[in-house]
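Colleague: Below, each chain spelled out in residue letters.
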Amino acid sequence: AQSVTQLDSQVPVFEEAPVELRCNYSSSVSVYLFWYVQYPNQGLQLLLKYLSGSTLVKGINGFEAEFNKSQTSFHLRKPSVHISDTAEYFCAVNRDGSGGKLIFGQGTELSVKP
Amino acid sequence: NAGVTQTPKFQVLKTGQSMTLQCAQDMNHEYMSWYRQDPGMGLRLIHYSVGAGITDQGEVPNGYNVSRSTTEDFPLRLLSAAPSQTSVYFCASTSELGTEAFFGQGTRLTVV
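Residue numbers (my numbering), protein chains in the order written: chain A, 518 to 631; chain B, 20 to 131.
Don't take each hint at face value.
Stated by the list, open to error - In the SDA-like style, the derived pairs of lysine to any residue whose C-alpha atoms are separated by at most 25 Å in a straight line are:
| hint | chain 1 | residue 1 | chain 2 | residue 2 |
| --- | --- | --- | --- | --- |
| 1 | B | K28 | B | L97 |
| 2 | A | K575 | B | L116 |
| 3 | B | K33 | B | V69 |
| 4 | A | K586 | B | L116 |
| 5 | A | K630 | A | K586 |
| 6 | A | K575 | B | T118 |
| 7 | A | K566 | B | P58 |
As the list claims (entries may be wrong) - Label-pair restraints from in silico Cβ distances:
| hint | chain 1 | residue 1 | chain 2 | residue 2 | range |
| --- | --- | --- | --- | --- | --- |
| 8 | A | S571 | B | V31 | 46 to 54 Å |
| 9 | A | Y556 | B | M60 | 16 to 24 Å |
| 10 | A | K586 | B | K33 | 48 to 56 Å |
| 11 | B | K33 | A | I577 | 38 to 46 Å |
| 12 | B | F29 | A | Q527 | 22 to 30 Å |
Honestly, the hints are just simulated from the structure, not real lab data. Virtual Cβ for every residue (Gly too), placed ideally from N, Cα, C.
Can you build the whole structure from these sequences, using the hints too?
Modeller: In structure tokens form, the structure reads like this:
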């Protein structure tokens, strides 16, 4: 069975500083990896995904993530955050071909301060 | 292109009442799912469907029923609401092979 651990429940950071949100997963089979963002009182929006190929994945809003198979990690990074990046971020996995049964991490609340 | 539409957006129920959360998608996806979101727990899968007439249980199915009579619709039924079902519910529609999931805006349910 797959599982996902987001290592930080809250990450406070100042505007224009870099940020890394950490995600580790466990799985005995090949998986797809995702990062979603949830702004207050809204649904989930896909930031980026890793399906196969290049381990560095670029997403929307300047975010990127690196798939590390040996460390079973998929950390999310942004070199310079904005106030508007304040939101909750979720890492998720699903077994390739599993029909969309996502397993989510607990979420990381990113708070960007001026 | 509406994507995934959930209704209602907010609902307050009394313990023991029943209700149906509606979910519709217009992307012709075969896979649809229901999740609940609780603080500190992320999203957990309640039920999912791989096509019309086919449903299965997820991680937290107790207290919920689903059916899938058409590709477009995937309603979630609470037969006898309990305070433990107070949560935010999200419906998702997933592309073939699970390469991307599209979420509705959510239903915030309070059971008193």
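Colleague: State the violated hints by number, sorted upward, taking the hints as numbered earlier in the document.
Modeller: 3, 5
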